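Enquirer: Protein chains in written order, with this note's numbering: chain F, 28 to 300; chain V, 28 to 300; chain R, 28 to 300.
Since the hints were made in silico from the structure, they are not lab data. Note that the structure is a prediction, hence the values are computed from the model and not measured. C-beta: ideal position from N, C-alpha, C; glycine also. It cannot be assumed that every hint is accurate.
[Claimed, not checked] Looking from chain F toward chain R, a few residues come up when the C-beta cut is under 8 angstroms (computed): (1) Leu155; (2) Ala273; (3) Asn277.
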Amino acid sequence: MFKEIFENVRQGSPLIHNITNYVTVNDCANMLLACGGSPIMADDPGDAVEITAVCGGLNINIGTLNQRTVPTMFAAGKRSNELGHPVVLDPVGAGASTLRTETALRLLEEVSFSVIRGNISEIKTLALGSGTTKGVDADVADKVTEENLDGAVAFAKAFAKRVGAVIAVTGAIDIVTDGERAFCIRNGRPEMSSVTGTGCQLSALTAAFVTANRERPLEAAAAAVCAMGLCGEIAFRRMTELDGNASYRNYIIDAMYRLTPTALEEGARYEVR
Amino acid sequence: MFKEIFENVRQGSPLIHNITNYVTVNDCANMLLACGGSPIMADDPGDAVEITAVCGGLNINIGTLNQRTVPTMFAAGKRSNELGHPVVLDPVGAGASTLRTETALRLLEEVSFSVIRGNISEIKTLALGSGTTKGVDADVADKVTEENLDGAVAFAKAFAKRVGAVIAVTGAIDIVTDGERAFCIRNGRPEMSSVTGTGCQLSALTAAFVTANRERPLEAAAAAVCAMGLCGEIAFRRMTELDGNASYRNYIIDAMYRLTPTALEEGARYEVR
Amino acid sequence: MFKEIFENVRQGSPLIHNITNYVTVNDCANMLLACGGSPIMADDPGDAVEITAVCGGLNINIGTLNQRTVPTMFAAGKRSNELGHPVVLDPVGAGASTLRTETALRLLEEVSFSVIRGNISEIKTLALGSGTTKGVDADVADKVTEENLDGAVAFAKAFAKRVGAVIAVTGAIDIVTDGERAFCIRNGRPEMSSVTGTGCQLSALTAAFVTANRERPLEAAAAAVCAMGLCGEIAFRRMTELDGNASYRNYIIDAMYRLTPTALEEGARYEVR
């Protein structure tokens, strides 16, 4: 199934509008190109509504939100909803500041999302309406482990049902659910967290996968999460003892560029709960 | 001739002011350093007019234009004109939104450009006053091929004459013309389009080449286009089967860092029409 | 001593708030991760004051300052002062425009900095209250050499005493002083200046080192300067004849990722004057 989903990305070459942070935006663009999609960035209110209309999907990432870009997120999100485009939300740092938490919560109210992807602390903040995220990384106390996986799956399913979106909680074990079924995914490497923006890249990737597979957002999001983790594994095998997180960053994107639909199908490691 | 042009860049080390998008700005900076130039970025109206005065040339790229940076483009462009500095325009996404199209057209009216570099869809938008660019890539229907090359050359020449600037239309075959003569360039690799920002890098590079060779902007722009394409070829030969677009990005910049004026002279593939 | 200082960074994993330019921000984030720290970027006034409070230290870099981010620098700087967090200033381009010079001078008046890191032209601009920096690079006439080192050390010491901060003047020979003692550091490679943002990365790194070693900012800043230079040396030894500044950029960050506290202790080359 993931094979076909990835083939649709490669063949459909979805054009994705990204309103995203300036820290990792270049990597998001190259990751979109690597998977077969095409990126465009536009964050001014006077530009973004038209740009989103010529695209197939929208990726909203609040990583360096500001007074000018927050209204753009709402305007582009609503326009994408009108057009029936898939919209992905990456609530970077929700819980770490009032502006981030409230912007993410208001976006949830006013925009309909296909997929919301974040770490467990960010997703908990959205589900509970408040939080105390430490920066942009998940709180250690929140982390999803084999021991608390059942509870985390139940939590993610309940939140997915409530907001009517696919929820992707990523970490050591990833959970992707539409409220009914949950993919528990074990691809990836812990070293990926030493590269800035692997989460942002995954959100952009997810937008491409969901846009090219609009009739099955759950499977498309799960395929994107597996693909990213698998590329982290492939890239890690390439590391020499001189390589560090900068080369690893490049190798992960390179791996996506080289990844075949068949390799994704065979390398994806998940169970459905 | 290109040998001498490139030597002037290496020796003159032109300082280029870039008002450019935040997606590819880091690559533009490293590409400028790779060719022997020096970058500075400043996009606030209160900063850019003074910064442009300490530089030798200006590169305006509208890739992620916004309410704050659009006025800066006009102010810095006019100041550069007063000082006699070469100014390059990269009309990223002109045709994809009203703001982009109108900003580019107004810039053409109010600022005098040495070179305008874009893909064929963007340049057609500027020439016709409107357009329907699909995102930031050229429309397939517009593409310059061996079959329609004569017509494309005639079009570019006419537009160059009308606006009084060198026009660089880049794609599979590049056309660089001042209205009288046209360099038709066949350097480059199709894989370059899988790296975000190779066009932006070329515009920055062009600004450096034109600034270091102010008396011959046509030849300088053509040399920059050849150099970029040649680096794409050199970098491609270095690719292993594990490398993808992220490593290719690095290898292209690396190739420019290592490129000698003699290698440019020998590797440039063009005809003059 | 530097061994222990670096161990504190690796173990303490300081979270650093960066208000920095969009040119080199991704490299700053990966450099912070490489040294064992953690980055967060927030530059909106409505976001940054809260974000700075959840961090351990603050890095202010004026490289692409604008009307929106300048007030954020003051607000976050003052909040960090209230909380007793170390604050680093990188006055990029001070002397090249009135806005940059005046912003840096006002920041010096209103915010208490632990470390100010810049090239000699930028630091001279701050010390003299005006300057004529050519872009973002040091003026050739200003450069610190073996011949003028005594005078440069005396100048840096006097400025450090006056502003009550550690001053780090970086170049071919680096000077790091608190007004009493000065570390004269000879690590590094001239090729590092062909990579955009090695100075910005060093400022971010310095923030991490000082935050993890709050009781000794002078030694922590000196250790950061040695570590950066040492990584430049290690990365340079890895360069092949095909590699240029793009690969060098990656190798420097990789080297930091792999650097051990013992290797820093052994590789640091400095004298105290």
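Enquirer: Could you run down the list of hints and mark each one as holding or not?
Expert: Each hint tested on the structure:
Restraint check, leucine 155 of chain F versus chain R: the minimum CB separation of about 18 angstroms is more than 8 angstroms; hint violated. Hint on alanine 273 of chain F holds. Least Cβ distance to chain R is approximately 4 angstroms, under the 8 angstroms limit. Evaluation of the asparagine 277 of chain F hint against chain R yields a held restraint, the C-beta minimum of about 7 angstroms falling below 8 angstroms.
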